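Given the structure of chain A, go ahead and fit chain B onto it with the hints provided.
2 protein chains.
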Amino acid sequence: MTRQIVRGHPSTMGDDYQLNTTTLIRHAARTHGDQQIVYRLPDGGWERYGYADCYERVCRAADALRALGVSPGDRVGVLDWNGRRHFELYWAIPGLAAVMLQMNLRLAAEDIAWVVGHSGASLIAVDESLLPLAESIASRVSGVKGWIVLTDRPLDRIETTLRPVHHYEDLLAAATPVADWPVVDERSAYSACYTTGTTGRPKGVYYSHRAIYLHAMAEAAALGMTLDDCTMLITPMFHAQCWGLPQAATLTGGKLVLPGRYVAEDTGPLITAMMDEGVTIANGAPVIFQPMLDHIRAHGLRPDFSRTRLLAGSAEPPLTLMRGFHEATGADVIHGYGATETTPLIAVNRWKRSLKSDLDPEELWDLRRKQGLPLTGVDVVLRDQDGRDQPHDGVSVGEVCVRGPWITARYHDLPDSDDRFTADGYWRSGDAGTIDEHGYLKLTDRMKDVIKSGGEWISSIDLENAIVAHPAVAEAAVVGVPHPRWQERPVALVVTEPGRTLSEQEVRDHLAPRFASWQLPESVLFVEEIARTSVGKIDKRRLRAQYRDHYISGSGDA
Amino acid sequence: MTRQIVRGHPSTMGDDYQLNTTTLIRHAARTHGDQQIVYRLPDGGWERYGYADCYERVCRAADALRALGVSPGDRVGVLDWNGRRHFELYWAIPGLAAVMLQMNLRLAAEDIAWVVGHSGASLIAVDESLLPLAESIASRVSGVKGWIVLTDRPLDRIETTLRPVHHYEDLLAAATPVADWPVVDERSAYSACYTTGTTGRPKGVYYSHRAIYLHAMAEAAALGMTLDDCTMLITPMFHAQCWGLPQAATLTGGKLVLPGRYVAEDTGPLITAMMDEGVTIANGAPVIFQPMLDHIRAHGLRPDFSRTRLLAGSAEPPLTLMRGFHEATGADVIHGYGATETTPLIAVNRWKRSLKSDLDPEELWDLRRKQGLPLTGVDVVLRDQDGRDQPHDGVSVGEVCVRGPWITARYHDLPDSDDRFTADGYWRSGDAGTIDEHGYLKLTDRMKDVIKSGGEWISSIDLENAIVAHPAVAEAAVVGVPHPRWQERPVALVVTEPGRTLSEQEVRDHLAPRFASWQLPESVLFVEEIARTSVGKIDKRRLRAQYRDHYISGSGDA
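Chains A and B, in that order, are what the protein sequence lines are. Here the working numbering is used: the first residue of the first sequence is -8, the next is one more, and so on. Here the working numbering is used: the first residue of the second sequence is -8, the next is one more, and so on.
So that you can see chain A by itself, here it is in the shape it has in the complex (with noise of 0.2 Å):
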């Protein structure tokens, strides 16, 4: 849908200059040309460069990529870890106005070829540690005319079957670096990353140059990024641009660190290298962060990152995890949320000076837990099953919805897929979630686990959360099912624990100071375990299936 845009009066700026990334990193070259971009080597080693010499590298590689016959539109794969030649390549494939395609080697080699096809990616850059992965899906992809091996060895002693294979420190030593950059216009891909979801096959998702460029700005502003601080980069740079941190970094000046190829059991070597480069600011996943904070724990460290933000993505990072490495070494874990089709940010968690004073200390911890403000620029709201906007006060649940300049407004070559977005242009997220009064967006459900009962909605992990802080409860779980009369009706499913018994109107009188009389679940049942799928989760699909007639048989209490 596109809304009426309103034109006034001409203005006089210079309105054509297009907000690409080579503006970022030729400014970065030449504003911050001996600010350090620090990156570790496959033996573990650690060397360092400038953003002047990196840019040289990049004018390099432009050369040689434009030799191999990329041309402006044209695709180029992607497979490897945080390393400086991944970072060279997130400018040098844009700055030739073709399209970076973010290859996640986390996924099933049938899947990584059904995107490079999907994308139609005409070559591919391979570090040499994953050559064993491109050459499993390499008969799969015909549309690959070449590849380039990411390594410092030399190319005689690189065993590949891929053909015809580049070397791209041999490519760099040969090329004459570019200098006269294609102006991309702004609305041009700059990146494609696919989501990877539950059904069906991955969605792609083409980043344009403007919104890398806005998003990294309004990135910077909200973590209060400066040309002070030095960003270290955990989160893959497959994904999402590693959460767009390598561009705001580039466009602050800051110092940046690149931790090669890393794994959650051995996360000793991104302590030291926070320590000995004063990181203060790094991304990644709950997961990764809770064995750092083990091993600073076992290993009797005190660091002092009291100016460090940990932004944390993916997952609703734990309290045990905020508030213990906030004891353990002064930083902050600040929640981040969002998706591949918001390049990715939507919101960060920033506590507002006013509630600091308002708040006592427990109510800001939970605070924290929240998914944050929107970020500027981003348009939130609240959508209930008839497209309404619901009011932000905490309480009222609605579909998130997101408009803005960096969030998706379709699917590539995907034609079936309007029920993702609203009339009015927004993304639909899946997520159900509130909104308070200061403007925190917090989660309170994925939209398929909903109770959708008589035109309002029930979450069912208020449920689950409540009843769980039941002493006598060992495990819980709400599905909502249908009920002849309210479309659907909550069903609770108790494991009480060992040797300890409760009625079903305990639990509800229990549940009663806390909701509505409609949202309590007419029907608790006991059982011995509850169903959960291969990762642990709670399998709601097949709980909902196996109480699908509890209602409409008549044995609840409709």
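A couple of the hints might just be wrong.
As the list makes no split between identical chains, a pair holds if one copy fits it or if it spans any two.
To be verified - Calculated pairs, EDC-like style, for lysine to aspartate or glutamate (alpha carbon to alpha carbon, straight line, at most 20 Å):
id: 1; residue 1: Lys347; residue 2: Asp219
id: 2; residue 1: Lys439; residue 2: Asp44
id: 3; residue 1: Lys347; residue 2: Glu268
id: 4; residue 1: Lys433; residue 2: Glu307
By construction, these hints were calculated from the structure, which means they are not laboratory data. Remember, it's a predicted structure, so these values are computed and weren't measured experimentally.
Chain B only, in chain A's frame:
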């Protein structure tokens, strides 16, 4: 000149989402609705409201303006101090795709009337205290069809000859808040400001919404502004959008302090507000910061401004001011560089972390006097007289030429201004300067005062500063005058300290260690006094005329 823009692959992003200012104030109202805006009343008292309440009044003001016939593209003038109604009009007028004309109340009435006429403004909002000024131009602005009085007093208490006259508060009370804001094209003009050069009529600069938005983000990033900051607007709001700080504070959700009308002789209320409200950012000219420092010292105050950044523009802040403020309060005076044509920030002086350890304290203070690091998104080049880019070595001098999304690309309705722009689209600042190897810009002269000698440039200011450093010298001026062989050569005029004498050769010997021999003035003339302008600056135009024939007539050593 339009650069060829290269289009790549289509993106899937919401690329038609417009960067307009309605987005900013609406976001602040939604997400930072309880953040305070504190404003000073004519009687000296202070009041406050939140962004949400402010936005409600903005929506009412827009409805009222619409009812008065304001349409997209129309120009609406504002003649006001730094108060909340001015702030509201910052959003209400451009939100309708109309243009806010910034009326500089310090101009001569004739110039103000000329600006109003040239802009074609049809409506003017004027503060009650400025009614006499408005009345003095009323007969000369026949295009103006109505006036709005900005005051808290009732209309029947206001005496004015302006007709037809409306009352802002009455209009708001009767209005219905606009809910259907137009989606304003980001390339539409947001506001207009006229430069007041020393020659010719004021020249019109029309800022786009896009320029305002991007400038504010870049400024916030350069100053590290967050929602934790409290910004006081000291720079007049009628000049270059108050340097973008109102928009930067709004987009970061920061607190704002609007000090109303103040005069340099009465800076006490500014200091009190800084302490009471916890101001961490303020802007102004050195000429206003100096009396503030004097006030702090005179009253023996010991405020803690250790988080505070004072953005000083318009002129280079003296070292004594920067040091004095830091020693007395902990505040950092930060040098910013720009012009009406550049929205206005081109560069801001920030310390690089690496330099803090490499330089000694005196060198760091020297560094702070430079114009600073170009903001990300602005291309700054130094051009010699043949249009060649000069290297960034801290020595090579060139005219500072600037290009970017918030740099003007032409003047409004002024056909013969091509000489103010380069062939490749840079605005020519008229300033001569250097850029050092760390990226810091340093102005050395106004271009018209640069001495062009044999294809090279000599800085008149550098020579003057060096001569004045001699203990026997009271004053000095250096100008370039025509020379039959070298195009121009410097002539130095020196006033000695009472009772001291000096020879030409002693002056040259004093300069020799710091300058190349060809840069030294052949003629050093000892004079009783040096011609100055009405504001006390050396009158180089007069001096150049006076010594025009110095080398041609053979009186000099050619």
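Cross-check of the supplied hints:
{"no.": "1", "hint": "Lys347 <-> Asp219", "verdict": "between (25 Å within a copy, 11 Å between copies)"}
{"no.": "2", "hint": "Lys439 <-> Asp44", "verdict": "neither (50 Å within a copy, 37 Å between copies)"}
{"no.": "3", "hint": "Lys347 <-> Glu268", "verdict": "between (31 Å within a copy, 16 Å between copies)"}
{"no.": "4", "hint": "Lys433 <-> Glu307", "verdict": "within (10 Å within a copy, 48 Å between copies)"}
Hint check: a violation occurs at hint 2 only; the rest are consistent with the structure.
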